[in-house]
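Engineer: Sequence:
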Amino acid sequence: MTLWLTQIKPDMRLRQARRDLASAVGMHHRLLSLFPDDLGDDPRRHLGVLFRVETSATGAEILLQSQVPPDLHALPEHYGSATTRNLDPLVEGLRPGRAVHYRIAGNAIRRLGKTTRAARNLTAVLPLHGAEAEEWWHRHAEASGLQVQTVLTTPLGSARGERADSADKIRHARTLFDGRALITDADLLRRRLLDGIGRGKAYGCGLLTLAPAR
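With numbering that gives the first Met the number 0 as the guide, the letters of the sequence shown map in order to residues 0 to 213.
Just so you know, the hints here were simulated from the structure itself, not pulled from any lab data. Note that the Cβ used here is the ideal one computed from N, Cα and C, for glycine as well. Check each hint, because a few of them may be wrong.
The following label-pair restraints were derived from C-beta to C-beta distances [unchecked claim]:
id	residue 1	residue 2	range
1	P35	Q148	39 to 45 Å
2	Q148	D70	34 to 40 Å
3	K168	H45	37 to 43 Å
4	G25	Q148	35 to 41 Å
5	R44	K168	43 to 49 Å
6	D40	R213	21 to 27 Å
7	L13	R162	40 to 46 Å
8	Q66	R12	38 to 44 Å
9	A212	R190	18 to 24 Å
10	G96	R190	32 to 38 Å
11	M0	G96	31 to 37 Å
12	D41	R213	19 to 25 Å
13	T82	R110	35 to 41 Å
14	R12	V67	37 to 43 Å
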(Lines of atoms letter the chains of each structure in order from A and count residues from 1; the text may use other names and numbers.)
(Lines give C-alpha, C1' and ligand atoms only; values in the text may rest on other atoms or scores of the structure.)
Protein backbone atom coordinates (compact mmCIF):
# COMPACT_ATOMS: atom_id res chain seq x y z
CA MET A 1 0.00 0.00 0.00
CA THR A 2 1.41 3.33 -1.09
CA LEU A 3 -0.11 6.61 0.08
CA TRP A 4 0.66 10.19 -0.87
CA LEU A 5 -0.28 13.35 1.01
CA THR A 6 -0.57 16.60 -0.90
CA GLN A 7 -0.83 19.99 0.81
CA ILE A 8 -2.45 22.74 -1.24
CA LYS A 9 -2.55 26.32 -0.03
CA PRO A 10 -5.03 28.08 -2.31
CA ASP A 11 -4.63 31.74 -3.17
CA MET A 12 -7.84 33.33 -1.94
CA ARG A 13 -7.47 36.13 -4.47
CA LEU A 14 -8.39 33.61 -7.16
CA ARG A 15 -12.12 33.28 -7.78
CA GLN A 16 -11.85 29.58 -8.64
CA ALA A 17 -10.18 28.85 -5.30
CA ARG A 18 -12.86 30.72 -3.35
CA ARG A 19 -15.59 28.92 -5.26
CA ASP A 20 -14.04 25.49 -4.58
CA LEU A 21 -13.70 26.19 -0.88
CA ALA A 22 -17.33 27.30 -0.68
CA SER A 23 -18.64 23.95 -1.95
CA ALA A 24 -17.67 20.46 -0.83
CA VAL A 25 -19.00 19.16 -4.15
CA GLY A 26 -16.89 21.67 -6.08
CA MET A 27 -13.79 20.71 -4.08
CA HIS A 28 -14.52 17.03 -4.72
CA HIS A 29 -14.55 17.63 -8.48
CA ARG A 30 -11.51 19.91 -8.38
CA LEU A 31 -9.39 17.31 -6.63
CA LEU A 32 -10.55 14.44 -8.84
CA SER A 33 -9.53 16.53 -11.86
CA LEU A 34 -5.91 16.03 -10.75
CA PHE A 35 -6.11 12.32 -11.59
CA PRO A 36 -6.83 10.23 -14.72
CA ASP A 37 -10.49 10.29 -15.73
CA ASP A 38 -10.81 6.76 -17.14
CA LEU A 39 -11.08 4.83 -13.87
CA GLY A 40 -14.68 3.64 -13.97
CA ASP A 41 -17.77 4.57 -12.01
CA ASP A 42 -16.10 5.31 -8.67
CA PRO A 43 -12.70 6.92 -9.33
CA ARG A 44 -12.49 8.36 -5.81
CA ARG A 45 -12.59 4.92 -4.23
CA HIS A 46 -10.29 3.46 -6.89
CA LEU A 47 -7.68 6.16 -6.23
CA GLY A 48 -8.17 6.24 -2.47
CA VAL A 49 -8.87 9.98 -2.61
CA LEU A 50 -9.71 11.60 0.72
CA PHE A 51 -9.41 15.24 1.66
CA ARG A 52 -9.80 17.70 4.50
CA VAL A 53 -9.94 21.48 4.44
CA GLU A 54 -8.30 23.20 7.39
CA THR A 55 -8.20 26.86 8.31
CA SER A 56 -5.68 28.73 10.43
CA ALA A 57 -4.34 32.23 10.95
CA THR A 58 -2.40 31.86 7.70
CA GLY A 59 -5.46 30.90 5.65
CA ALA A 60 -6.99 27.75 4.21
CA GLU A 61 -5.12 24.53 3.47
CA ILE A 62 -6.34 21.46 1.60
CA LEU A 63 -4.96 18.07 2.62
CA LEU A 64 -5.37 15.49 -0.13
CA GLN A 65 -4.52 11.82 0.35
CA SER A 66 -4.33 9.40 -2.58
CA GLN A 67 -2.76 6.13 -3.69
CA VAL A 68 -1.08 7.80 -6.66
CA PRO A 69 0.45 11.28 -6.74
CA PRO A 70 -1.84 13.93 -8.25
CA ASP A 71 -0.93 15.94 -11.32
CA LEU A 72 -0.53 19.36 -9.74
CA HIS A 73 -0.09 20.93 -13.18
CA ALA A 74 -3.81 20.29 -13.65
CA LEU A 75 -4.62 22.97 -11.07
CA PRO A 76 -5.71 26.33 -12.54
CA GLU A 77 -2.90 28.80 -13.11
CA HIS A 78 -1.95 30.68 -9.91
CA TYR A 79 -4.31 28.47 -7.87
CA GLY A 80 -1.80 28.40 -5.02
CA SER A 81 1.21 26.49 -3.73
CA ALA A 82 1.21 22.70 -3.50
CA THR A 83 3.60 19.95 -2.40
CA THR A 84 3.28 16.15 -2.35
CA ARG A 85 5.10 13.70 -0.10
CA ASN A 86 5.12 9.94 0.21
CA LEU A 87 3.58 8.54 3.42
CA ASP A 88 5.12 5.07 3.17
CA PRO A 89 7.72 5.65 5.94
CA LEU A 90 4.94 6.65 8.32
CA VAL A 91 2.59 3.84 7.28
CA GLU A 92 5.27 1.15 7.43
CA GLY A 93 6.39 2.36 10.86
CA LEU A 94 3.00 1.76 12.48
CA ARG A 95 3.33 -0.86 15.21
CA PRO A 96 1.09 -2.06 18.08
CA GLY A 97 1.86 -0.16 21.27
CA ARG A 98 3.21 2.93 19.53
CA ALA A 99 1.71 6.30 20.39
CA VAL A 100 0.48 8.66 17.69
CA HIS A 101 -1.14 12.05 17.42
CA TYR A 102 -4.26 11.88 15.28
CA ARG A 103 -6.63 14.28 13.56
CA ILE A 104 -9.85 13.58 11.69
CA ALA A 105 -12.85 15.61 10.56
CA GLY A 106 -15.56 13.02 11.13
CA ASN A 107 -19.22 12.88 10.15
CA ALA A 108 -20.41 12.06 13.67
CA ILE A 109 -24.05 11.11 13.24
CA ARG A 110 -26.70 8.67 14.39
CA ARG A 111 -29.24 7.23 11.99
CA LEU A 112 -32.75 7.10 13.39
CA GLY A 113 -35.45 4.54 12.74
CA LYS A 114 -38.85 5.49 11.32
CA THR A 115 -40.61 5.15 14.67
CA THR A 116 -38.17 7.44 16.48
CA ARG A 117 -38.27 9.98 13.65
CA ALA A 118 -42.04 10.08 13.67
CA ALA A 119 -42.35 10.29 17.45
CA ARG A 120 -39.83 13.13 17.78
CA ASN A 121 -40.36 14.80 14.39
CA LEU A 122 -36.71 14.34 13.44
CA THR A 123 -34.82 13.79 10.21
CA ALA A 124 -33.28 10.43 9.34
CA VAL A 125 -29.81 11.57 10.38
CA LEU A 126 -29.04 13.23 13.72
CA PRO A 127 -25.69 15.08 14.06
CA LEU A 128 -23.92 14.32 17.34
CA HIS A 129 -22.28 16.86 19.61
CA GLY A 130 -20.28 16.96 22.83
CA ALA A 131 -20.06 13.68 24.74
CA GLU A 132 -22.09 11.83 22.09
CA ALA A 133 -19.66 12.91 19.37
CA GLU A 134 -16.76 11.72 21.54
CA GLU A 135 -18.45 8.36 21.99
CA TRP A 136 -18.85 8.13 18.21
CA TRP A 137 -15.12 8.72 17.76
CA HIS A 138 -14.14 6.25 20.48
CA ARG A 139 -16.17 3.53 18.75
CA HIS A 140 -14.72 4.27 15.33
CA ALA A 141 -11.18 4.60 16.66
CA GLU A 142 -11.41 1.23 18.41
CA ALA A 143 -12.74 -0.30 15.18
CA SER A 144 -9.75 1.23 13.38
CA GLY A 145 -6.98 -0.20 15.56
CA LEU A 146 -6.59 2.77 17.91
CA GLN A 147 -7.03 3.14 21.66
CA VAL A 148 -7.86 6.79 22.33
CA GLN A 149 -5.95 8.36 25.21
CA THR A 150 -6.99 11.98 24.77
CA VAL A 151 -9.54 13.71 22.56
CA LEU A 152 -10.40 17.33 21.83
CA THR A 153 -13.56 17.95 19.81
CA THR A 154 -14.17 21.07 17.73
CA PRO A 155 -17.48 21.59 15.90
CA LEU A 156 -16.98 22.52 12.25
CA GLY A 157 -19.34 23.89 9.65
CA SER A 158 -21.16 21.27 7.62
CA ALA A 159 -19.76 20.16 4.28
CA ARG A 160 -22.28 21.52 1.80
CA GLY A 161 -22.80 21.61 -1.92
CA GLU A 162 -25.15 20.89 -4.79
CA ARG A 163 -24.61 18.08 -7.27
CA ALA A 164 -24.29 19.31 -10.83
CA ASP A 165 -26.30 16.40 -12.28
CA SER A 166 -29.33 16.89 -10.04
CA ALA A 167 -31.06 19.29 -7.69
CA ASP A 168 -29.90 17.25 -4.70
CA LYS A 169 -28.02 19.15 -2.05
CA ILE A 170 -25.48 17.41 0.14
CA ARG A 171 -24.89 18.27 3.78
CA HIS A 172 -22.57 16.39 6.10
CA ALA A 173 -22.10 17.51 9.69
CA ARG A 174 -18.43 17.64 10.68
CA THR A 175 -16.58 17.48 13.98
CA LEU A 176 -12.81 17.78 14.26
CA PHE A 177 -11.22 15.24 16.60
CA ASP A 178 -7.63 15.80 17.81
CA GLY A 179 -5.66 13.86 20.34
CA ARG A 180 -3.29 11.06 21.20
CA ALA A 181 -3.84 7.32 20.84
CA LEU A 182 -2.06 4.00 21.09
CA ILE A 183 -1.97 1.64 18.13
CA THR A 184 -3.62 -1.70 18.93
CA ASP A 185 -3.87 -3.21 15.43
CA ALA A 186 -1.46 -1.82 12.84
CA ASP A 187 -2.89 -3.76 9.87
CA LEU A 188 -6.41 -2.61 10.62
CA LEU A 189 -5.19 0.96 11.07
CA ARG A 190 -3.48 0.89 7.68
CA ARG A 191 -6.73 -0.23 6.09
CA ARG A 192 -8.66 2.61 7.74
CA LEU A 193 -6.03 5.12 6.63
CA LEU A 194 -6.59 3.95 3.07
CA ASP A 195 -10.39 3.69 3.16
CA GLY A 196 -11.25 6.61 5.43
CA ILE A 197 -13.62 6.52 8.40
CA GLY A 198 -17.36 7.14 8.54
CA ARG A 199 -19.59 8.77 5.97
CA GLY A 200 -19.15 11.79 3.74
CA LYS A 201 -15.73 10.67 2.53
CA ALA A 202 -16.22 12.15 -0.93
CA TYR A 203 -16.90 15.56 0.59
CA GLY A 204 -14.15 16.26 3.09
CA CYS A 205 -14.89 13.83 5.93
CA GLY A 206 -13.07 10.71 7.10
CA LEU A 207 -9.40 11.50 6.35
CA LEU A 208 -7.37 10.26 9.33
CA THR A 209 -3.92 11.84 9.61
CA LEU A 210 -1.28 10.60 12.05
CA ALA A 211 2.06 11.77 13.40
CA PRO A 212 4.43 9.91 15.76
CA ALA A 213 4.06 10.91 19.41
CA ARG A 214 6.93 10.88 21.87
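Engineer: Each hint needs a verdict: does it hold in this structure or not?
Structural biologist: We went through each hint and held it up to the structure:
{"no.": "1", "hint": "P35 x Q148: 39 to 45 Å", "result": "40 Å, holds"}
{"no.": "2", "hint": "Q148 x D70: 34 to 40 Å", "result": "39 Å, holds"}
{"no.": "3", "hint": "K168 x H45: 37 to 43 Å", "result": "26 Å, violated"}
{"no.": "4", "hint": "G25 x Q148: 35 to 41 Å", "result": "37 Å, holds"}
{"no.": "5", "hint": "R44 x K168: 43 to 49 Å", "result": "22 Å, violated"}
{"no.": "6", "hint": "D40 x R213: 21 to 27 Å", "result": "44 Å, violated"}
{"no.": "7", "hint": "L13 x R162: 40 to 46 Å", "result": "24 Å, violated"}
{"no.": "8", "hint": "Q66 x R12: 38 to 44 Å", "result": "32 Å, violated"}
{"no.": "9", "hint": "A212 x R190: 18 to 24 Å", "result": "21 Å, holds"}
{"no.": "10", "hint": "G96 x R190: 32 to 38 Å", "result": "19 Å, violated"}
{"no.": "11", "hint": "M0 x G96: 31 to 37 Å", "result": "21 Å, violated"}
{"no.": "12", "hint": "D41 x R213: 19 to 25 Å", "result": "39 Å, violated"}
{"no.": "13", "hint": "T82 x R110: 35 to 41 Å", "result": "38 Å, holds"}
{"no.": "14", "hint": "R12 x V67: 37 to 43 Å", "result": "30 Å, violated"}
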